[in-house]
Amino acid sequence: MSTYETYSHDVLVIGSGGAGLRAAIEASAAGVSVGMVCRSLLGKAHTVMAEGGVAASLGNVDDRDNWKVHFADTMRGGQYLNNWRMVELFTKEAPDRVRELEAWGAVFDRTADGRILQRNFGGHKYPRLAHVGDRTGLEMIRTLQDHGIHQGIDIYQEYTIVSLLKDGDRIAGAIAYDREKGLFKIFHSKAVIIATGGMGKIYKISSNSWDCTGGGISIAYHAGAELIDMEFVQFHPTGMVWPPSVRGLLITEGVRGEGGVLRNSNGKRFMFDDIPENYKNQTSNNEEEGWRYTQGDKNAKRPPELLTRDHVARCIRREIKEGRGSPHGGVFLDIAWIKEKISNAPEHIKKKLPSMYHQFKELANVDITKESMEVGPTTHYIMGGIRVDADTQMTTVPGLFAAGECAAGLHGANRLGGNSLSDLLVFGKRAGESAAQYAKANQKGKLSEKQIEELSKEALDPFSREANADKENPFQIQSDLQEMMQDLVGIVRTEKELIEALNRLEELKRRAAKVACGGNRGYNPGWHTAIELKHMLTVAEAIAMSALERKESRGGHFRDDFPDKSEELGSVNLSISKGEKMKLQRIPKQKLRDDLQQIVEENK
Amino acid sequence: MKVTFQIWRSDSNGGQLKDYQTEITEGMVVLDAVHQIQAEHANDLAVRWNCKAGKCGSCSAEINGRPRLMCMTRMDQVPVDKPVTIHPMKAFPIIKDLVTDVSVNYRVKKRIKKFKPRKPDAADGTWRMAQSDIDRVQEFRKCIECFLCQDVCHVLREHDLHEKFAGPRHMVYTAALEMHPLDVEDRTEDLKKQEGIGFCNITKCCTTVCPEKITITDNAIIPLKERVADRFYDPLFRFFRLFTKKN
Ligand SMILES: Cc1cc2nc3c(=O)[nH]c(=O)nc-3n(C[C@H](O)[C@H](O)[C@H](O)COP(=O)(O)OP(=O)(O)OC[C@H]3O[C@@H](n4cnc5c(N)ncnc54)[C@H](O)[C@@H]3O)c2cc1C
Ligand code: SF4
Ligand code: SF4
Ligand code: FES
Chain A
1 MSTYETYSHD
11 VLVIGSGGAG
21 LRAAIEASAA
31 GVSVGMVCRS
41 LLGKAHTVMA
51 EGGVAASLGN
61 VDDRDNWKVH
71 FADTMRGGQY
81 LNNWRMVELF
91 TKEAPDRVRE
101 LEAWGAVFDR
111 TADGRILQRN
121 FGGHKYPRLA
131 HVGDRTGLEM
141 IRTLQDHGIH
151 QGIDIYQEYT
161 IVSLLKDGDR
171 IAGAIAYDRE
181 KGLFKIFHSK
191 AVIIATGGMG
201 KIYKISSNSW
211 DCTGGGISIA
221 YHAGAELIDM
231 EFVQFHPTGM
241 VWPPSVRGLL
251 ITEGVRGEGG
261 VLRNSNGKRF
271 MFDDIPENYK
281 NQTSNNEEEG
291 WRYTQGDKNA
301 KRPPELLTRD
311 HVARCIRREI
321 KEGRGSPHGG
331 VFLDIAWIKE
341 KISNAPEHIK
351 KKLPSMYHQF
361 KELANVDITK
371 ESMEVGPTTH
381 YIMGGIRVDA
391 DTQMTTVPGL
401 FAAGECAAGL
411 HGANRLGGNS
421 LSDLLVFGKR
431 AGESAAQYAK
441 ANQKGKLSEK
451 QIEELSKEAL
461 DPFSREANAD
471 KENPFQIQSD
481 LQEMMQDLVG
491 IVRTEKELIE
501 ALNRLEELKR
511 RAAKVACGGN
521 RGYNPGWHTA
531 IELKHMLTVA
541 EAIAMSALER
551 KESRGGHFRD
561 DFPDKSEELG
571 SVNLSISKGE
581 KMKLQRIPKQ
591 KLRDDLQQIV
601 EENK
Chain B
605 MKVTFQIWRS
615 DSNGGQLKDY
625 QTEITEGMVV
635 LDAVHQIQAE
645 HANDLAVRWN
655 CKAGKCGSCS
665 AEINGRPRLM
675 CMTRMDQVPV
685 DKPVTIHPMK
695 AFPIIKDLVT
705 DVSVNYRVKK
715 RIKKFKPRKP
725 DAADGTWRMA
735 QSDIDRVQEF
745 RKCIECFLCQ
755 DVCHVLREHD
765 LHEKFAGPRH
775 MVYTAALEMH
785 PLDVEDRTED
795 LKKQEGIGFC
805 NITKCCTTVC
815 PEKITITDNA
825 IIPLKERVAD
835 RFYDPLFRFF
845 RLFTKKN
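Heads up: the sequence lines are chains A and B, in that order.
1 is the number of the first residue of the first sequence in my numbering; add one for each residue after it.
605 is the number of the first residue of the second sequence in my numbering; add one for each residue after it.
The shape of chain A in the complex, shown without the other chains (with noise of 0.2 angstroms):
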């Protein structure tokens, strides 16, 4: 055996976001032992941040809402590229994985008659999200983690997984670093869930927290998993632009539910010019109707505010580049306004919105309920990741599963807003159910001696590297690639600016191989951003190759030199897999089934 410290459980859940902790929840509970790892204190996932609410078509609001009407917005907002089995699933199962956290103690905001109460959110017909102020996120995960605490899971607390262990091709465990030490552990696992999260931290204006570096997307690259849609990244249209130093935060899309409006310099609401025609129908063309649809009219049209993210971000964007954005290069959101139409608009703000309402008052020295804020877009999410069945979570690695932001397939090209917490939920649960069952039918993998010593070394290298003449610096890579994928695979791309992006990655990767890092392995941030370089360039390289060959336009992927949506690229998802390089292939669309098919069109 190795002379690492070794720890055995049936499953293994790398990552204690909302996906994690369910899928740690429901392994347990199906009574296999189960060991989750997180490189961040139990807790304080991503996960945390989410503000805006959780989708589910629960009904308490608009009874007219159901899990059908739900599918057509997903399927819709995902421009059809979704895996529409898991959409089904998902919107079936979301109710109840919604109201299962009530059991466990968390307490939503409520209706008049003591119900969950649900907001209105872009994309969603009917107000949908289950919501605590605009703390949802904190809300969801306190709720798992105080439950899970109780469920006799294994934690293992700032554990970084450094890859995945294979038994010829199935799974058998993961290899490890503890950050108080820097020592390495392996764990022994006849099952791995893998639930990382986003990667974020690519780019350089961006929403996310530190650990969403795309760690977890790339280790299943690596193990040999395949990864679909990964040119689908979502840019949120809100994010701060001033002060630099909080450039990229998110702004919820609550402010826009709760009436919240886009101006740009001239003060005029632009998103009335550009109304998509599939939207058409449900969207409203006048200002006071839309006033009203934000404060719960059932017969009033949502504003364009309101739009897909996609499309909204893509307009302010505009905005700015043709001259008429703010005076720190974004477009204002003015949720003040509302003070025409309500008597103690203030308080009424600092209620619904009260994280806002601190995060511009403590960090930019705004006061949103008396001025305008100043938003552009920013990197938010990824639509992409490790495909997985839509049933078990299964990647297309036997033993090895996926749930959450790092799985892909639910959202298609775009995501709905609140569409990721409840999915964290759905597909937790149900990785966490089929990984305890493989577990149980399958005996462990062989660990091996070879494998793990080339991934330790490999680990400890840029310690090695510290005296060389031509060492370069782990933070100083990080930050140019941010930077480039920031410039060159962006919101809106080209072909020549993708390619530039793909040479510009080998010549990152080369001067990757030569990083190195000083101190001792305790605690070490340097060498952390030394071993996630891989991870992050690998995924911006699966992102940047999947964005060239998609030429064609069409939700969170825009290309300049393709404006329109293409009908033969509609008809195929993109994957990429490991090979000598990395290698990318067209699979066919699956057929939507009849009647899920008769769905959309009664939605339409």
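Source of the hints: derived by calculation from the structure; they are not laboratory data.
Errors might be hidden in some of the hints.
To be verified - In silico BS3-like links for lysine-lysine, alpha-carbon gap of 30 angstroms or less:
#1 LYS351(A) <-> LYS606(B)
#2 LYS718(B) <-> LYS352(A)
#3 LYS591(A) <-> LYS551(A)
#4 LYS339(A) <-> LYS351(A)
#5 LYS204(A) <-> LYS808(B)
#6 LYS268(A) <-> LYS321(A)
#7 LYS361(A) <-> LYS718(B)
#8 LYS808(B) <-> LYS797(B)
#9 LYS509(A) <-> LYS496(A)
#10 LYS352(A) <-> LYS720(B)
#11 LYS351(A) <-> LYS622(B)
#12 LYS797(B) <-> LYS350(A)
#13 LYS606(B) <-> LYS471(A)
#14 LYS181(A) <-> LYS622(B)
Given chain A, work out where chain B with the ligands should sit, using these hints.
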């Protein structure tokens, strides 16, 4: 503008404050300065952070002696004519540099009896609760577990009684459970014995440092003390109640 920082660096002998200089520009927070120092001068400087938005409670430290979140402390609120000191939280053992071992909090929390709801109100397994009945609990549930209140509480900080007194964070946690309209568990005896609520002498220091502005003492601890006092005779608290009621 160049500003001097004195940051705690650990070494085998314990550690000391070390001087670093870095350029401060408009809008920067203390965590930005620490990151800049890390990137420019000290790649191995350990600091814990996640969200940089005041939401995760990872980046707690003592800035010029005051317990604060580094990511929510703007440089223009910190006097820079003298060096700015950044020290790890003092109530917890140091792991390295600015990072402390806060694991005791996770152990303490696990001891507290979990949420136990009454039977569902409706046939579909759901409950009814009025917004006005949950406002108080929602205040407690804003807690981001930054442990700054634990850091400042003298019972833990000066007397190191972590195993005897659960501390303000866990009083807030217990209060959120006890005042949850659906909860039917009883934690009163545990509050007295295992959580050691009697150690708190209502100095309110915890309330002043809470970044979420939770009124820890008045809204959580005092009502819990009342419950304990009602069940177990507590002369000291009776006296305190008499005193505060007079005011
Ligand atoms: C500001 C903001 C607001 C949002 N608001 C909403 C909203 O209102 N509604 C909504 O539906 N969605 C929202 N989202 C999106 C949503 O929050 C995320 O998609 C979701 O939380 C991701 O959860 P997850 O469980 O997949 O991963 P995460 O919560 O990111 O958790 C990942 C976990 O994996 C661990 N990890 C990662 N790599 C490793 C490794 N190598 N080794 C060990 N552990 C590792 C991390 O430590 C962490 O525990 C928002 C996102 C942002 C940025
Ligand atoms: S009020 Fe109680 S808990 Fe808060 S700091 Fe003082 S002694 Fe500690
Ligand atoms: S109660 Fe306040 S100070 Fe204490 S841990 Fe929670 S947020 Fe931090
Ligand atoms: S980094 Fe999350 S609170 Fe400061």
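A quick look at each hint next to the structure:
1. LYS351(A) <-> LYS606(B): Violated, at about 40 angstroms.
2. LYS718(B) <-> LYS352(A): holds, 29 angstroms
3. LYS591(A) <-> LYS551(A): Holds. LYS591(A) to LYS551(A) sits at ~22 angstroms (cutoff 30 angstroms).
4. LYS339(A) <-> LYS351(A): Roughly 14 angstroms separates the two Cα atoms, so the pair holds.
5. LYS204(A) <-> LYS808(B): Given pair LYS204(A), LYS808(B) is violated - Cα atoms ~41 angstroms apart, limit 30 angstroms.
6. LYS268(A) <-> LYS321(A): Since the Cα atoms of LYS268(A) and LYS321(A) sit roughly 16 angstroms apart, the hinted pair holds (cutoff 30 angstroms).
7. LYS361(A) <-> LYS718(B): violated, 36 angstroms
8. LYS808(B) <-> LYS797(B): holds, 22 angstroms
9. LYS509(A) <-> LYS496(A): Given pair LYS509(A), LYS496(A) holds - Cα atoms ~20 angstroms apart, limit 30 angstroms.
10. LYS352(A) <-> LYS720(B): Roughly 29 angstroms separates the two Cα atoms, so the pair holds.
11. LYS351(A) <-> LYS622(B): violated, 43 angstroms
12. LYS797(B) <-> LYS350(A): violated, 39 angstroms
13. LYS606(B) <-> LYS471(A): The given pair, whose Cα atoms are some 28 angstroms apart, holds under the 30 angstroms limit.
14. LYS181(A) <-> LYS622(B): Since the Cα atoms of LYS181(A) and LYS622(B) sit roughly 22 angstroms apart, the hinted pair holds (cutoff 30 angstroms).
In this structure, the earlier hints numbered 1, 5, 7, 11 and 12 are contradicted, and the remaining ones agree with it.
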